[in-house]
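Asker: Given next are the chains, with one letter for each unit.
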Amino acid sequence: MAVKKIQHTVLHVFVFIVFAFIALIVLVPILWMLISSFKPQGEIISYPPTFISEEFTLNNFIRLAKRVKILYFVKNSIIYALMSTVPSVFLCSLAGYAFARYRFKGRNVLFILVLATLMIPFQVIMIPLFLIVSNLGMYDSYLGLVLPKIAVAISIFMMRSAFTGLPKELEEAGRIDGVSELGLFFKIMLPQVKPTFVTLVVLGINGAWNDLTWPLLITGDMQMRTLSNGLAMFVGEDTQEYGPAFAGAFISILPMLLLYLFGQRYFVEGTVTSGVKG
Amino acid sequence: MVNKNRLSMTLVPYSFIAPVIILLFVFNILPLFSAFGLSCFDVSITLEQPKFVGLDNFAEIFGDNRFWNSLAVTLKWTVVEVPLQVVLALLLSALLTQNNLVNKIFRGIYFLPIVCSATVTGIMWKLILHSNVGYITYLLRIIGFDNINFMNSPKITFFVIVFMSIWKTFGISVVIFVGAMQNVPKSLYEAAEMDNAGKLRQFLSVTIPGIMPTLWFIIITRLISSFQVFDIVYTTTGGGPNFSTETLVTYIYTRAFEVYRMGYASAVSVCLFIIILIITIVTYTGMLKQEKDY
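In the order they appear, the protein sequences are chains A and B. For the record, in the first sequence the residue sitting at position 199 is 199 according to my numbering, with numbers rising by one throughout. For the record, in the second sequence the residue sitting at position 230 is 230 according to my numbering, with numbers rising by one throughout.
No lab work stands behind these hints: they were computed from the structure. Any given hint could turn out to be false.
What the hints assert, rightly or not - Partner residues aside, some chain B positions facing chain A, computed with beta carbon under 8 Å:
{"id": "1", "residue": "Leu-7"}
{"id": "2", "residue": "Val-12"}
{"id": "3", "residue": "Tyr-14"}
{"id": "4", "residue": "Leu-24"}
{"id": "5", "residue": "Phe-41"}
{"id": "6", "residue": "Phe-106"}
{"id": "7", "residue": "Ile-109"}
{"id": "8", "residue": "Val-115"}
{"id": "9", "residue": "Trp-125"}
{"id": "10", "residue": "Leu-127"}
{"id": "11", "residue": "Ser-131"}
{"id": "12", "residue": "Ile-143"}
{"id": "13", "residue": "Phe-230"}
In this text the structure is predicted, and so the values were computed from the model without any measurement. Heads up, the beta-carbon is just placed ideally off N, CA and C, and yes, glycines get one too.
Could you build all of it, start to finish, from the sequences and the hints given here?
Answerer: Right, here's the structure in full:
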């Protein structure tokens, strides 16, 4: 029995070490990058390379700002992340609500149509989409950046599931009080599914902030680039300017890192529901 | 008055779904059909003087070595990345299912790369594996692996990028698996323990069957996304060295936005769509058949 217990403990320690090792592989590069963005140039290229620096400088950020329009990148990323997410979640909620709570002709056909668009990979349609949007005169504009990202099938699907479970009395009480249908949605129904709403907003902001392909295609002007495509173009295939590259990655990751620290639960819930139910 | 009200009541749900239906139509469905249409034309980025060429683009694809290379690279990605990611995530999740503090911390850490864009992931790993400034290159040098050329080798760069992709997404699979495993009824494990089934036996006979729908979901989504790889290649190698990391989507991108052959790029997109469709149908029927057998 004692031998078995020792074996058991040894196994547990071994598993723990493996887990810790994988955790290090995830964390070390991120930490090294975050710290390195404050290292002086001399230290970045020194051999042996350091992990933690004794000297902290903002020089890399200043050099980055001289090379690219980093403030424009930040501004565009904020606009893209918010404007493609908040209106999107509102409109998808409204549609999901209609699919869940109203009976109307063509409901099932239209819902299947929505689900069918899940099967269209963005990479397959990116070229015609680019041609359509730029021929509508929306190349290099915020509208062109945002508009194709508003209708999201998976959001409509998740909102429909969230609204389906609510009790019928909610609407009836509202209708007796003479609330308009839109008022019913905004004042009574939408607050009931707030967790799903917030989850979609958080995941949407993260997704748009990190989106590379669409901003890459639809923006050309340096002042219209987002952090994701602007920095990718700056760094290029052969990185020479290490310090500014670290600084750019730092600026790019920090807001989402903070979002994760405060809203990890929404990241997890959104991922699990879209995975298990989807 | 009553009739008017009833009419507006019927219109309410349509007006609620109209915005997204119109947007989905213009920005998803229309482009899909346009891709098929464009694939029969020789047309540049300005859309001026389109020339109808029938199926010529597809005939050209058939003899295009760079297309076959990108298809081979993509298939290699599927064969290497999907099993590695699924097995790794499955094993980790099985051991991290319980909700204690240590497990929660590990899960939180593994999930963290969800906040890293492909750009950040690319910059970070390129620099940490860099031959001059890289920290990992330095650590490897200490234990005797001298000067491995991670980012510029036709042999190993592909695997380095696959690793980056797994690094970025395995935590997502873990979180989804854990969610499913926590829903497997405890009584099934208790019954298995009564039968003296070991942990491995329990994993194979209780956990795996219990999470079958989720397992299929992960396999299907990972398969599909392996045919959509672009971001991480664009931010690291751009397809090189020597086209060894040029995936199908990377090739589509270069055709459209480097040589401006929109028709040809659309034809390759159509091929991509058909491949993804076939894979989805095959795995989906596999799933249905397997569910019937249980």
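Asker: With a cut-off of 8 Å on the beta carbons, see whether B/Ile-143 makes it to chain A.
Answerer: Since chain A brings no Cβ nearer than about 13 Å to B/Ile-143, farther than 8 Å, the hint is violated.
Asker: Using Cβ atoms only, decide whether B/Trp-125 comes closer than 8 Å to chain A, and label the hint accordingly.
Answerer: Since chain A brings a Cβ to about 6 Å from B/Trp-125, closer than 8 Å, the hint holds.
Asker: Less than 8 Å between beta-carbons is the criterion; does B/Tyr-14 satisfy it with respect to chain A?
Answerer: Cβ of B/Tyr-14 sits 7 Å from chain A, so the hint holds.
Asker: Is the shortest C-beta separation between B/Leu-7 and chain A less than 8 Å?
Answerer: violated, 13 Å
Asker: Under the criterion of a CB-CB separation shorter than 8 Å, is B/Val-12 in contact with chain A as hinted?
Answerer: Hint holds; B/Val-12 Cβ to chain A Cβ min 5 Å, cut 8 Å.
Asker: Classify the hint on B/Ile-109 as holds or violated, based on whether any CB of chain A lies nearer than 8 Å to its CB.
Answerer: With Cβ-Cβ at 5 Å, under 8 Å, it holds.
Asker: Can B/Val-115 be said to touch chain A, with a Cβ gap under 8 Å?
Answerer: holds, 4 Å
Asker: Can the hint on B/Phe-106 be confirmed by a CB-to-CB distance to chain A that is less than 8 Å?
Answerer: holds, 5 Å
Asker: Tell me if B/Phe-41 is really an interface residue toward chain A, meaning its C-beta lies closer than 8 Å to one of theirs.
Answerer: The hint is violated - B/Phe-41 has no Cβ within 8 Å of chain A, the shortest such distance being about 11 Å.
Asker: Would the hint on B/Phe-230 be counted as holding, given a Cβ-Cβ threshold of 8 Å to chain A?
Answerer: Holds, because the Cβ-Cβ distance from B/Phe-230 to chain A comes to roughly 6 Å (cut-off 8 Å).
Asker: Minimum Cβ distance from B/Leu-127 to chain A below 8 Å?
Answerer: holds, 6 Å
Asker: Holds or violated: is the Cβ of B/Leu-24 closer than 8 Å to a Cβ in chain A?
Answerer: It holds, given that the least Cβ distance between B/Leu-24 and chain A is near 5 Å, below 8 Å.
Checked against the numbered hints given earlier, the structure breaks hints 1, 5, 11 and 12 and satisfies all the rest.
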